[in-house]
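Chemist: Listed below, chain by chain, are the residues.
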Amino acid sequence: MNIQLNQIPQRTLKPRTDGLTMMMDKGMSIRDAESILETSSNYIDIIKLGWGTSVVYPKLKEKIALYKSAGIPVYFGGTLFEAFVIRDQYKDYKKMLDTYQIEYAEVSDGSIELHHEEKCNFISDLSQQATVLSEVGSKDAEKIIPPYKWIELMKAELEAGAWKVIGEARENGNVGLYRASGEVRTGLVEEILTQIPSEKIIWEAPQKAQQVWLIKLMGANVNLGNIAPQEVIPLETIRLGLRGDTFDHFLSSTGNTLI
Amino acid sequence: MNIQLNQIPQRTLKPRTDGLTMMMDKGMSIRDAESILETSSNYIDIIKLGWGTSVVYPKLKEKIALYKSAGIPVYFGGTLFEAFVIRDQYKDYKKMLDTYQIEYAEVSDGSIELHHEEKCNFISDLSQQATVLSEVGSKDAEKIIPPYKWIELMKAELEAGAWKVIGEARENGNVGLYRASGEVRTGLVEEILTQIPSEKIIWEAPQKAQQVWLIKLMGANVNLGNIAPQEVIPLETIRLGLRGDTFDHFLSSTGNTLI
Amino acid sequence: MNIQLNQIPQRTLKPRTDGLTMMMDKGMSIRDAESILETSSNYIDIIKLGWGTSVVYPKLKEKIALYKSAGIPVYFGGTLFEAFVIRDQYKDYKKMLDTYQIEYAEVSDGSIELHHEEKCNFISDLSQQATVLSEVGSKDAEKIIPPYKWIELMKAELEAGAWKVIGEARENGNVGLYRASGEVRTGLVEEILTQIPSEKIIWEAPQKAQQVWLIKLMGANVNLGNIAPQEVIPLETIRLGLRGDTFDHFLSSTGNTLI
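Top to bottom, those sequences are chains P, L and W.
For the first sequence, the residue numbers in full-length UniProt numbering are 1 to 259.
For the second sequence, the residue numbers in full-length UniProt numbering are 1 to 259.
For the third sequence, the residue numbers in full-length UniProt numbering are 1 to 259.
Since the hints were made in silico from the structure, they are not lab data.
Bear in mind that the values here come from a model prediction, so they are computed numbers and not experimental data.
Note that identical chains are pooled: a pair holds if it fits in a single copy or bridges any two copies.
Think about it this way: if two alpha-carbon atoms lie no more than 30 angstroms apart in a straight line, the pair counts; the simulated DSSO-like pairs of lysine-lysine are:
no., residue 1, residue 2
1, K68, K26
2, K216, K59
3, K155, K91
4, K59, K26
5, K95, K68
So here's chain P without its partners, still in its complex pose:
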C-alpha cells in the first residue's frame, strides 16, 4: 500500500481462494482492458465475459490472451453456455472452450429450463475439462426460489463438481439474491450461510449497497461478483473500511483480523 494506516482489515493475497473479486467485462476495448489491469490487477481474481458479448466482440482471442497474460482466469458468461445448450450444440460449446483455451466455465440455467439432474450432469461433465462455476437463481424476477431450495441446489452442484457456486444478480443487481429494488433478500443470504461455507459462494453484487451489506455480514474477504471494471478499486476501499459505508465497521467490530 502507498499509505500506512493502522487497523486495516487483512486481505487475502493472490492467488486467492477466498476474498475473490470477479469482474464483469461487457465488451470493453483492449486498451481499456489494459488500463484496468494497470490499476486493478492485484484486486481482480477472475473475469467474466458477460453473457453472449463474446459472440460479437471482434478481438476475442486478443482479449483472452491479455487477461491470461496478467494471470487472471477468464470465462464465458453462463448465458452463452445456455445459448449452446438450448440449440443442442453442447458439443460445439466444449470445442469452443478448447479453441479459445478457456479453463473456467459457468453452468447456469438463468434463461432456460433444465432438470436439476441434467444441470448437475453438465457440471460433472464440464469439470473434466474446466474449473466449473455454477450459478443458482433465475434471471426472471417472477421466479422466486425459496431459501431451502437454494441450499439444496447449491449443495448438489458443489457435489457434482462445481468449484464455486454463484448467486445470481444480473448486471443490474435486481433479481435472484435481490428484490427488484436492488435490496438484499437478507433472510435468504443468512439461511444459505447456515448450510454452505461462505468461501464456496461468489455473490453477484453489482450495486454498492449490496457490496456493503455483504461485507458487513461476512467481512473484508467475501467473494463478490459482477463488479464493473471502474468499481473494482472502489470495492477494494469498501473491503478495507476506507469508504464512508464501512468506515467504522472494522474498527468497532471484533472478529476481524486487522493489520
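Model the placement of chains L and W on the given structure of chain P, informed by the hints.
Modeler: Chains L and W only, in chain P's frame:
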C-alpha cells in the same frame, strides 16, 4: 462472428438502411473514440455529437475526421441547431456544417417553439445541403403530444425531406416516447407504427428495458438511437437474442429470419 | 470556442476563483486521466482523489504528477483525512501530504464525530501547510443538520482558515444537501446563501438535476463538485445554456452577463 451458433436472427449489414444503431457521443476523448471504433465500428451506423457538446469540445475537427475515416456519418445534436435558430443565426449554422464538412443534420424543436410549417421549411432547406434527421417530441416532460399528432408531424417531416424521423427520449430516456419512469408509452409506439413504416423511424432508447421492448415488438433490425458507447455491444447481443432479456424471443417467435 | 454563438453566458477563466468545477477521480487509470485532460483540462479547476482510493491505487505518484503537470491542484478526499484522525495518525497524515507534495487538503467529519472546535483546530493547523477545503454535512442520511447550523459551521470553518467550504453530497448525491431521492433541499441552499457568499462554497452536485438547479439559482459560474470525469463536458454545456435543461434560462433571464 467468432462463435458459431444456430438460429440467430439475421442482421442487416453495413451500410444499413434498417437496423441502425445511432450512438451518442457526449464529449469522449479521441482515444476513447478510437477504442469504440475498434470494438464496435461494425455495429455503429451513425453518431450524434450530443446537444451542444461540440461547442466546448476542444478537438472537434479531429473527432469528426476520425469517425468519417471509419465510414460512419456524424451529426450535431438537434439542440445545437435550435441554439442557432433561437439566436437568429441559422445562416451561421449552415456555414458551420460546411466548415466541419458535416453531411447529416438534425432538425428538432425539443427546446424551442417552432411553427410546424417553419420546422418543415428548415427540413426542406437543409435537405438541399445534408441528409436530414428530424426529431419529434419535446424535451419537456410536461408537454405530452397525443399519438395522432406524432403521426401527423412525422408524416409532414418525411414529406418535407427528412431521411428518417427520430422519436425523442433524451440521454436518460425519460421524456417523449417514455414516461418519467422510463417506461415505454406502448400505445403511442404501436399507433405510430400503424401509419409510419418502422424503417423510417429511429427510436431513441438509452435504457436497456426500452431497447428490449422495441426489439421484441419490431425485431432485431429496429433502428435505435441515443445508445451510449459502452452499450453498443450489449445492444447487439440483445438484438441477437444473446442476453437474458431476449434469449428465447427469437427462438420461440415466428416471423424472424434466423441463420 | 469552436463555434460562434451569440448570447452565451460569460464564464470565468482559469485560474478561476469562482465558477470552479471540482472533478472526482475514483481510481481511473493514468491513460484515462490523460484522456480527460485532453478533452477537459480547461474546464477542471481542482481534482479530488475520492475517499480512500489513494491507499489502494497503484500509481499514485504518477497520477498526482500528471494532474499537477496540467496545472490542476489535487487533494485527497476527506474520508482519508478522517481515517488518519480516528486512528490517532494525524501526524502521519501531514507527513503523507509532504511525501506526495499535496498542496490542498480537505478537512471533514462525514464519517467521524468531531467536536466542532477540534475540527476548526485541524483546519487552522492544516492551513499552515496547505490550502484547506472543509466539508460540512454528514454522510449519514439520518443526520439532518438544520440550516442555521450549516451556516454557523460554515462561518466558523471559513474563519478558521478554510479557503472554501464544501456542501456534502457523496458520490451519489443522496445525502447532505439532498434528500435520499437526490432532490435538492432547496430551502437549505437558499438560507445558506443569505449568510455565506456563494463563491466561498463548492456544492457537491453529482446528479444532472442538481447541477441544473444550482446553475439556475446562482448562474453559470457557481462552484460545483463531485463531477464524474465523463460529466465535465456535459456540465460545461449546462453552464452555457447549450443543453435542454438550461437552454432558455440565460436567454430569458436578466442579470447574466452574455457574450
